[in-house]
Amino acid sequence: MRVGIPKGLLYCKYHPFFETFFRGLGAEIINSDNTNKNILDLGVKTCVDEACLPVKIYHGHVASIKDQCDFMVIPRIMQVYKNEYICPKFCGLPEMVVHSIPGMPPVTTGPLYMHNKKTLFKWCLESGSMITRNRNRIKSAFELALKAQNNSRSGILQQKDITVMLAGHPYVVNDAFLNMDIVKKLMAKGIGIVTEEFAPGPDSEKQVMKLIKKPFWTFQRNLFGASTAFFQQGKIHGIIYLSSFACGIDSVVIDLIRFHIGEFPMLVIKLDEHTGEAGVDTRLEAFTDMLERRVADENNRSAHGKCLYSG
Amino acid sequence: MKITVPHMGNVYIAVKILFDGLGIDYVIPPLNNKEALSLGSKYSPDEICLPFKLMIGNYIAGIKNGADTILLVGSCGPCRFGEYSELQFKILEHLKYNVDFIVIDAVKSIGLNELSKRIQRVGAESNKKSIEKIKSFVRAYNAMCLLDDIESQAHFKAGYEKNKGECKKLLNACKEEVFACDEPDKALKLLKYYLDRIKNVPADYSKNPVKVAIIGEIYTVIEPFTNLFIEDILMDMSVSTKRNLTPSWWLKDMLLKTIKLNSRELLKASNEFLPLYIGGHARECVGEAVLASKENFDGAIQIFPMGCMPEIVSKAILPTISREKKLPVLSLIVDEMTGEAGYMTRIEAFIDLLERRREHVFAWN
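Chains A and B, in that order, give the protein sequences. With the first letter of the first sequence counted as 1, position 34 gets the number 34 in the working numbering; the numbers rise by one all the way through. With the first letter of the second sequence counted as 1, position 338 gets the number 1338 in the working numbering; the numbers rise by one all the way through.
Possibly wrong hints are sitting among the right ones.
One side of the interface only, derived from the structure: several residues of chain A facing chain B at Cβ under 8 Å [said to hold, decoys possible]: (1) V44; (2) E50; (3) Y81; (4) G190; (5) Q207; (6) M209; (7) K213; (8) K214; (9) A246.
Simulated from the structure, these hints should not be mistaken for lab results. The C-beta atom is built at its ideal place from N, Cα and C for all residues, glycine as well.
Let's have the full structure, built from the sequences with the hints guiding it.
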């Protein structure tokens, strides 16, 4: 049995779970390639036009391996924490894919509630039944998969003289093709990077409590909490927010962060399938130059916020 | 306390009847217009959806007319609408407007206690007896139902009327007269009178007009300014339209959701294509498309604001329904940049297609 697992969206977070589980059942796993131009083109061709770039790329990943596998894992991740969603497109992902790409193999359609072991196991039973009827085997593979997931950690932490927080949904930050290898570009400039995974939990929780309404998006809680907590502690010199064009969550979160951090440097990079690399490079350079000057001149700033002397 | 509310279709008339009954001071902002839109887009995030921008425009107009409290309904995701209150509060604060927000939120996210506290905050402003208050609520609800009924009758009858334009004229006269009336009981009587008149519009049922279902995102289908008055355009073309999403439907849906008895027919119809709630009204949109084909409609027009997350999912599903159920679907996406000419051309072309499709021997139904 060949199980297809596309390398898009939250694969970067949950691949240990899915891969260990299906490997434990004795299935052969077919991964798509890392995102490349071909996959992007396939995705743009098949996906509904209005979707955001990561969803389009996901469609490309699916289309590139659909003929090589007997069934495909398209996780419908409803909630990661209790009463917190990711995005409506995640809740309807299997439908979007199946209705947009012709000739699909069978796919998993069960809902995934990552915070609840019982429903997670139910999903495993449902999906595992395509491979084996043996409940015990599924159970042991499930336990193994949980362990593998809990042992995995993602995120970047590299503090330097100037450190920026690289904010954005994990599938944007972790996909080097999608974000035009921004991590490497920043490293080459000698800029340190932290991501939301390394935010001090209690502090960001405290920041989130300041909101009038309890957020119902996991990414909103993570990103708002982390960036404002980092800002409060003075651990970072700027925020670079990677956002995909027409992302509904970002349209709210970016402005919430802005209202909170005031004049603090923040660069928002919007990504879509037309984004040109040269423009991004220029903006990155300008932003890091500005940060460098800001750090160097910190003591020579007048109360008006205007730089009077530049050594 | 002077309360203002954002616009959504005819809700303002019911709100007026409610507040008149309760004796609470209120401001109804001017109907959605270019000014509200440009003010709204100026102060809102670029990529937020159209309803948000218009609401900001409404608030500012309301505040300029003396309002100090904004009454808004909420939800608990996963669609953006649930986060409106948070961001709108911050934006108005940033603009140095000193206003209070009362958000009637879903019970699930704030709890019953908090909800009743918020409702009481509005109720405390009224010096009427409790029984009077309940009466005013019931009256406002009845008014909303009557209005929705009048509107849907007028929209559907437009295809059959003997004297062209009669339904539209009646509908407009009704809205104007009821809004001008300051006595809730009299307003209700007027609504009943107009419902009667709409029912008695001479119609020729031997006609076979093109029938179109209007589906999609709830705000953009209900608020005529956002969809460039599509229902009026279609009435002028003598097309019968049907729209399931109305403010009274929304209220019923919200209440029945708590005991899971809401719009069962719709959900049953959507099961084949979208079996789970994904936020917004994507599931309803899919269900309506299926029902429209069952009820022998000629086509469906889906309207949603640019970037609407749930409707993007339903837009991905609609082509399959269109193919399998043989129902042409036109998706119109609106935002503050929508140009009228291109929009009209597409609607005209779509209606022409539906007309010719009937006559063609080899049409695919």
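Evaluated hints:
no., hint, verdict
1, V44, "14 Å, violated"
2, E50, "5 Å, holds"
3, Y81, "12 Å, violated"
4, G190, "32 Å, violated"
5, Q207, "14 Å, violated"
6, M209, "13 Å, violated"
7, K213, "5 Å, holds"
8, K214, "7 Å, holds"
9, A246, "4 Å, holds"
Checked against the numbered hints given earlier, this structure breaks hints 1, 3, 4, 5, 6; the rest are met.
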